[in-house]
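Yeah, the sequence shown ends on 596 if you go by this note's numbering, and it's all consecutive.
Don't read these hints as lab results, they were simulated from the structure.
Hints are not guaranteed to be accurate.
To be verified - Label-pair restraints from in silico Cβ distances:
1. Asp45 - Ala300: 37 to 45 Å
2. Gly264 - Asp451: 33 to 41 Å
3. His580 - Asp162: 49 to 57 Å
4. Asp523 - Phe319: 49 to 57 Å
Glycine is no exception: its CB is placed at the ideal position from the N, C-alpha and C atoms.
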Amino acid sequence: MREYTTPAVIEPPTTGSLSDPVWANASSHPDTAVFSRRVDGGWLDISAAEFARQVSGVAKGLIAAGVKHGDRVALLSATRYEWTLIDYAIWSIGAATVPIYETSSASQVHWILTDSEAVVAVVENAAHGAVVESARAEAPSLQEVWQIESGAVDELTVLGKDIADAELDKRRTAVVPGDLATLIYTSGTTGRPKGCKISHANFMDELGTAVKVLPGLFKLTGASTLLFLPLAHVFARIIQVGCVMMRVKVGHTADVKNLVADLGEFKPTFILSVPRVFEKVFNTASQTAHAAGKGKIFDAAAETAIAYSQALDKGGPSFGLKAKHTLFDKLVYAKLRNVLGGQVDYAISGGAPLGDRLGHFFRGIGVPVLEGYGLTETTAALAVNLPDDIRIGTVGKPLPGVTVGVADDGELCFKGGQVMLGYWKNDEATAAAIDADGWFHTGDLGEFDVDGFIKITGRKKEILVTAGGKNVAPAVLEDRIRLHPLVSQCMVVGDGKPFIAALVTIDPETIGAWATKNGKPDDMSTLATDKDLIAEIQSAIDDANTAVSKAEGIKKFTILETDWTQENGELSLKLSLRRHIVMEKHKADVEALYQK
Numbered sequence: 001m002r003e004y005t006t007p008a009v010i011e012p013p014t015t016g017s018l019s020d021p022v023w024a025n026a027s028s029h030p031d032t033a034v035f036s037r038r039v040d041g042g043w044l045d046i047s048a049a050e051f052a053r054q055v056s057g058v059a060k061g062l063i064a065a066g067v068k069h070g071d072r073v074a075l076l077s078a079t080r081y082e083w084t085l086i087d088y089a090i091w092s093i094g095a096a097t098v099p100i101y102e103t104s105s106a107s108q109v110h111w112i113l114t115d116s117e118a119v120v121a122v123v124e125n126a127a128h129g130a131v132v133e134s135a136r137a138e139a140p141s142l143q144e145v146w147q148i149e150s151g152a153v154d155e156l157t158v159l160g161k162d163i164a165d166a167e168l169d170k171r172r173t174a175v176v177p178g179d180l181a182t183l184i185y186t187s188g189t190t191g192r193p194k195g196c197k198i199s200h201a202n203f204m205d206e207l208g209t210a211v212k213v214l215p216g217l218f219k220l221t222g223a224s225t226l227l228f229l230p231l232a233h234v235f236a237r238i239i240q241v242g243c244v245m246m247r248v249k250v251g252h253t254a255d256v257k258n259l260v261a262d263l264g265e266f267k268p269t270f271i272l273s274v275p276r277v278f279e280k281v282f283n284t285a286s287q288t289a290h291a292a293g294k295g296k297i298f299d300a301a302a303e304t305a306i307a308y309s310q311a312l313d314k315g316g317p318s319f320g321l322k323a324k325h326t327l328f329d330k331l332v333y334a335k336l337r338n339v340l341g342g343q344v345d346y347a348i349s350g351g352a353p354l355g356d357r358l359g360h361f362f363r364g365i366g367v368p369v370l371e372g373y374g375l376t377e378t379t380a381a382l383a384v385n386l387p388d389d390i391r392i393g394t395v396g397k398p399l400p401g402v403t404v405g406v407a408d409d410g411e412l413c414f415k416g417g418q419v420m421l422g423y424w425k426n427d428e429a430t431a432a433a434i435d436a437d438g439w440f441h442t443g444d445l446g447e448f449d450v451d452g453f454i455k456i457t458g459r460k461k462e463i464l465v466t467a468g469g470k471n472v473a474p475a476v477l478e479d480r481i482r483l484h485p486l487v488s489q490c491m492v493v494g495d496g497k498p499f500i501a502a503l504v505t506i507d508p509e510t511i512g513a514w515a516t517k518n519g520k521p522d523d524m525s526t527l528a529t530d531k532d533l534i535a536e537i538q539s540a541i542d543d544a545n546t547a548v549s550k551a552e553g554i555k556k557f558t559i560l561e562t563d564w565t566q567e568n569g570e571l572s573l574k575l576s577l578r579r580h581i582v583m584e585k586h587k588a589d590v591e592a593l594y595q596k
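Please take these sequences and the hints and turn them into a complete structure.
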């Protein structure tokens, strides 16, 4: 196995826990604003001392409710301040948080509660409470359930009013790095979700390293971020931990529809997101410009931004390119930066490949996207591009202390302190994921160059093999096609077929303006076969085909009448395609591509 290791910059943690920074911050910087809450249409700062007081109150309530060291506590809620507060209260008493997505189905909630043997649960609202209550027969360990919107924080604080500070301190200081911090259930493309056992040490190792190599995020004076991704996912959670550790102000919002307004008010210095959000920012800006008759200006600005970024990697931009870039910065780029709040220095992307073109575009407009790579099983990042060491098109080098290896079949494997303890009550799955030599097998295909920069080339189980024996990685084509302003989703097909084809869905937020401009009915049942729309999508297909060999190119495609969504099961909770679901629902559409 080929290997590359980045030398460690910290020693493995031997004492302490994730909750320690809460009390350390309250002692050393009591008046520093570490959170900001949305209250009555504005943002209300919460100091380090106040946060510690609230964590203490909830933690004492959990002790009074009988939650013991090592017990599991389920947390079912959208991203909000109380999510973080309750998470730290759970850690403060040595229990483990079991996050559940607010969009999870009843059967998924039942399974997680049952499998984790959660003893209590905190849910966001009555609807979530009803789902949890319906699982009681299957989850005999479950005792109390509190609702955030019905005053869970106050109820727990009152419940624990007679618990002495000394008792909480005893519980908190008894927690050691090797203790279980959380069970995060993977969404799973097949079968039941598996619980990833992540320890305090896993988080501490990950963040102890990350804050050292990302000082522009965590050590910047006045640093702040607005969390809008689900905290039930490890990606947002790891940022939460890093921010608390470094006293970076955190805001929360789950209202993605009003995200632009929230960003404008909160003005974060960095954000984290998934590629689909960056695609939407680009596509919406492009469509808006074209609808206003300024499409040529935007297109020229986009090409200039990309060229400018590419030139940064090749000795620097020319005088003429600098001049064009300065002009477009006033006309276009500043407006795009304002969409993100106007003060964003960096964005972090994970969950799926961003694509070279988008990476260069955002760096070119002044918002470098630090693309990284990791999984739930690895406590988020294993590798990341650093502000002063970016190589667009890669997911960066391994974080310090991490070793990457490429197996004979091209699978990426890793070793590092952030690799999980294993799967909860599933030794067979653990043995399949972590081999006898300690390598975690990711299931992703990739490679690394002589400098250690890692490039993801596909999923082991998603590689298509055509009837002619050609191996095709769908992501290369799909990423480029989704850059078209009218495209929402795309899935490349062709496994066992004579050629490569694609299913394409249209973005409901941009098609209306296009239809109006072109005198078309805003009705996908008609537009799906419209020759002008087909021509638009064909241009996206043609562009994507330039990135692959002729044998790998898309020969046919069909436009579907409806988009794919999380609600209908076609997209995962991190907005990636659930291919087996899409194939199952659109088997007839796929077969039709090969019958024409």
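These are the hints, each one checked on the structure:
no.	hint	in the structure
1	Asp45 - Ala300: 37 to 45 Å	holds (42 Å)
2	Gly264 - Asp451: 33 to 41 Å	holds (38 Å)
3	His580 - Asp162: 49 to 57 Å	holds (52 Å)
4	Asp523 - Phe319: 49 to 57 Å	holds (50 Å)
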